[in-house]
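Number of protein chains: 2
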Amino acid sequence: MAKTSLAKLQPVVTLSQVDKIEMHLQEYFRKENFLPGDPIPKEAELAKAMGVSRTAIREAISRFRTLGIIESRKNRGMIITRPDVFNNMERVLDSKLLDGDTMQEIFEMRLVLEMGIADILFLRKTDAKLGKLEDIVNRDEKTNNKTDRLKYDVEFHSMLYEISENTTIQRFQKLLLPIFEYVDNGIHVPRQVENANFVSHRILLNVLKNGTPEEFRNKMRNHLMNYFEKIKAS
Amino acid sequence: MAKTSLAKLQPVVTLSQVDKIEMHLQEYFRKENFLPGDPIPKEAELAKAMGVSRTAIREAISRFRTLGIIESRKNRGMIITRPDVFNNMERVLDSKLLDGDTMQEIFEMRLVLEMGIADILFLRKTDAKLGKLEDIVNRDEKTNNKTDRLKYDVEFHSMLYEISENTTIQRFQKLLLPIFEYVDNGIHVPRQVENANFVSHRILLNVLKNGTPEEFRNKMRNHLMNYFEKIKAS
DNA sequence: GCAATGACATATGTACTACATATTTCAACA
DNA sequence: TGTTGAAATATGTAGTACATATGTCATTGC
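Going down the list, the sequences are from chains A and B. The first sequence runs 1 to 234 under the working numbering. The second sequence runs 1001 to 1234 under the working numbering.
Honestly, the hints are just simulated from the structure, not real lab data. It cannot be assumed that every hint is accurate.
[To be verified] Subject to a maximum C-alpha distance of 20 Å in a straight line, what follows is the list of computed DMTMM-like cross-link-like pairs (lysine to aspartate or glutamate): (1) B:K1074 x A:E71; (2) B:K1096 x A:E71; (3) A:K209 x A:D127; (4) A:K74 x B:D1019; (5) B:K1219 x A:E215; (6) A:K96 x B:E1027; (7) A:K174 x A:E90; (8) B:K1096 x A:E32.
[Claimed, not checked] According to the in silico footprint, chain A covers these stretches of chain B (three or more CB under 8 Å from chain A): (9) 1061-1070; (10) 1075-1083; (11) 1095-1103; (12) 1118-1128; (13) 1134-1142; (14) 1165-1172; (15) 1208-1221.
No experiment lies behind these values; they were computed from the predicted model shown. Positions of the beta carbon are idealized from the N, C-alpha and C atoms, including for glycine.
All chains should be built: construct the whole structure from the sequences, respecting the hints.
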């Protein structure tokens, strides 16, 4: 037999009935310009209109519900809802089914975000927020308890995201926190007073107060250096 | 009536039967240490074991299928699958139900990623990849066609993500491309030969070849300046 | 023997019916 | 007028039956 490349003619995909219903509904919602809050037809009506059983309709609708596009209030009908972009990622992450490589990549994504957020921070920083950040740094410097310091580390970086005022990025970061615990395993470094190059939270704070985005990015890079060293190998 | 804050004691949430089944299954899969590829019990068996109808089981399973955690092959049973982190975000984005603010925030996230990816690029760049990037720049510089230049712009930035070799970030970026078209609307700037500060793709390429991550970040910042100007107002 | 054919078992997909349950509506009643 | 309660409504759950695609295995024919 000749050495053929079958991979290219894969997508013959036979759509199931429910798949088709899902597509039709999606199209319907869009064409009729449904907006969040709008009620959609009853299950029975949809079933009758599309000539299929209520069972199939329910399964299709169930998908939209899982995606957060539709909400159904018992006995009152269903409405379109505004989905959360990262809605279901939570459950996927929680499933512990992601492979190590993906986890590692997501971890990298966090590093990238922290490096890149500098400009936004300088655009949005306020005295109030900087004050909160300073509180965290103060408390951090006062403790020697290992778990406390870990906690303050998380708080510090979370606060940075909060200063960005981008709730989507914040949400993403919160979602990812459990992953850091997974990947962080063993990497997390103690306060590095011994390392001359180490950039502390205090330094980052001061740069954010009086410095420039460029400075901040460079300091942040040093602050996260250990992680970059770690991923270089991968 | 006193001015009370009822908001805080909302979460009395009555879980539906299917919700409970979903939780139980999730726990079951984890405790039994199911891995991708493993077959799970038949619907009928699950229904009997949990003392509920097959209907309810099917709806719970349907959620896992929507999330990409389970795959069912007709008449052959169901197996655990490795979910894609951004699996269903596609459908959510496609629903056009996200509000403008969220879109804007996602757009910002892209800027942040592009700014922060410099270090990874320098860690992973190869001559082959740089060659491809140069090809794109060459073709870009040769054309004056507006749509072509837009195409090359997308290609250039996509190629950067590719150089990062982080397929998760790549996937995320591809997912977001349609959003850029939405938000980009009217912002997208023509080749700015007239602007002395403007950093071209050619410059970025050269810095990536012979410069440092710090330089690259600064150049990239200038390259994306127009967008930052735009978001400042928001 | 061995390959082709076909019957059967299996498990998911779809359909239909019935009833449970929570919410709203609205009329009856004190 | 305000309360109560019955009817109507629409989703949630249960159960049954059958369709359909896949795999198994025995039968058939060369």
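Status of the hints after comparison with the structure:
1. B:K1074 x A:E71: With Cα atoms ~29 Å apart, B:K1074 and A:E71 exceed 20 Å; violated.
2. B:K1096 x A:E71: With a Cα-Cα distance of about 16 Å, the restraint between B:K1096 and A:E71 holds, given a limit of 20 Å.
3. A:K209 x A:D127: holds, 9 Å
4. A:K74 x B:D1019: Holds, at roughly 14 Å.
5. B:K1219 x A:E215: holds, 14 Å
6. A:K96 x B:E1027: holds, 11 Å
7. A:K174 x A:E90: Holds, at roughly 10 Å.
8. B:K1096 x A:E32: holds, 12 Å
9. 1061-1070: This one holds; 6 residues, not fewer than the three required, reach chain A with a Cβ under 8 Å.
10. 1075-1083: This one holds; 4 residues, not fewer than the three required, reach chain A with a Cβ under 8 Å.
11. 1095-1103: Check passed, 6 qualifying residues.
12. 1118-1128: Our answer is that it holds, as 4 residues pass the Cβ test (under 8 Å) against chain A, meeting three.
13. 1134-1142: violated (count 0)
14. 1165-1172: holds (count 5)
15. 1208-1221: holds (count 5)
Checked against the numbered hints listed earlier, the structure breaks hints 1, 13; every other hint is satisfied.
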